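Going by our numbering, the sequence shown opens with residue 24, and the numbers climb by one from there.
There could be a bad hint or two in this list.
Said to hold, decoys possible - Quick list of in silico lysine to any residue cross-link-like pairs, SDA-like style, CA-CA up to 25 Å:
| hint | residue 1 | residue 2 |
| --- | --- | --- |
| 1 | LYS105 | PRO37 |
| 2 | LYS105 | ASP86 |
| 3 | LYS105 | ILE34 |
| 4 | LYS105 | PRO237 |
| 5 | LYS105 | ARG177 |
| 6 | LYS105 | THR185 |
| 7 | LYS105 | LEU36 |
What the hints contain is simulated information worked out from the structure, not anything from laboratory work.
If you're wondering where the values come from, they're calculated on a predicted model, not measured in any experiment.
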Amino acid sequence: MSADLPEIGWIDLPGVVNMRDLGGKPAVDGGSTVAGRVIRTDNLQDLPADSVRRLVDEFGVTDVVDLRTNVERTSTGDGPLKAEQLTFHELSLYAEDSTEHGIPDVDDDPDPSLPWQDDFTAESKQAIGHEQHLAEHYSGYLERRPDNVVRALRAIAQASGTVLVHCAAGKDRTGTICAMALTEVGVDRAAVVADYDATNQRVELIFQRLATTPTYAADLATQEVVDQTTPAGTMRRLLDFLDAHHGGVHGWLVSQGWTDEDHERLVTKLLATEPRENTEENR
């Protein structure tokens, strides 16, 4: 990692392999994101009791933004955090999973297809390259579920305590939402990309973990570890696309109903050293 970029805030907690704190990211206008506000991670299904207690009691988690589909949640069952008094925001980024499109009933179909499987064909990736293929896949989240993208950022902004943002691997859906949140509050582009790219340090562990689960085994059986990598150029391409066609992350969010109040809440959540209402200038 470049000397002028922040260290990645890895959290090595039993039960997950790709958990990290989004604190310490430099903002263009000065300051940096505050540690302990947002944690990104892979699936929380396997957390042992000690990890649950640390997340709730030590890290102060109050909200969980779960970006998995209903099919994934139904297939894996409730995770151990469901027994805690937390607020869960279940926000799929796939239109096929929404109530208006209908969702597969796992009881009737014990092996439902995952909604992204058709997107990841060898032919499509070979045609345009891995980076561009992933970037277009991520832009598809914004096209398919702009409502839930905005809701995810609002959930982060409005949470009273620490927020866990996760999907299955904690890399694609989670990476997109976290990159948009960091960009919206003015984090330096290089630091945003570096955080996304950091998942490559854990991608083999992610692959091994998910490949042993009934929900993801069939999907991963036809892939190699390299197919799951998150090259830095992917996030650069996505953010460049938003800059060129939507006035950046902020412009895209505004087009979806994002308000000045939403922006200020997110800035306060990620950048303020103490809640905005407790500062002298706002009393």
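Structure-based check of each hint:
A C-alpha spacing of about 17 Å is found between LYS105 and PRO37, which places the hinted pair at or below 25 Å, so the restraint holds. Between LYS105 and ASP86 the CA atoms are separated by roughly 11 Å; this keeps the pair inside 25 Å, and the hint holds. Annotation: proposed proximity of LYS105 to ILE34 holds, straight-line Cα distance about 21 Å (limit 25 Å). Annotation: proposed proximity of LYS105 to PRO237 holds, straight-line Cα distance about 21 Å (limit 25 Å).
Distance check on the hinted pair: LYS105 and ARG177 sit about 21 Å apart at the alpha-carbon level, within 25 Å; holds. Among the hinted pairs, LYS105 with THR185 is consistent with the structure: their alpha-carbon atoms are about 16 Å apart, no more than 25 Å. At roughly 18 Å between alpha-carbon atoms, LYS105 and LEU36 fall within 25 Å of each other, so this suggested pair holds.
Every hint from the earlier list agrees with this structure, and none is contradicted.
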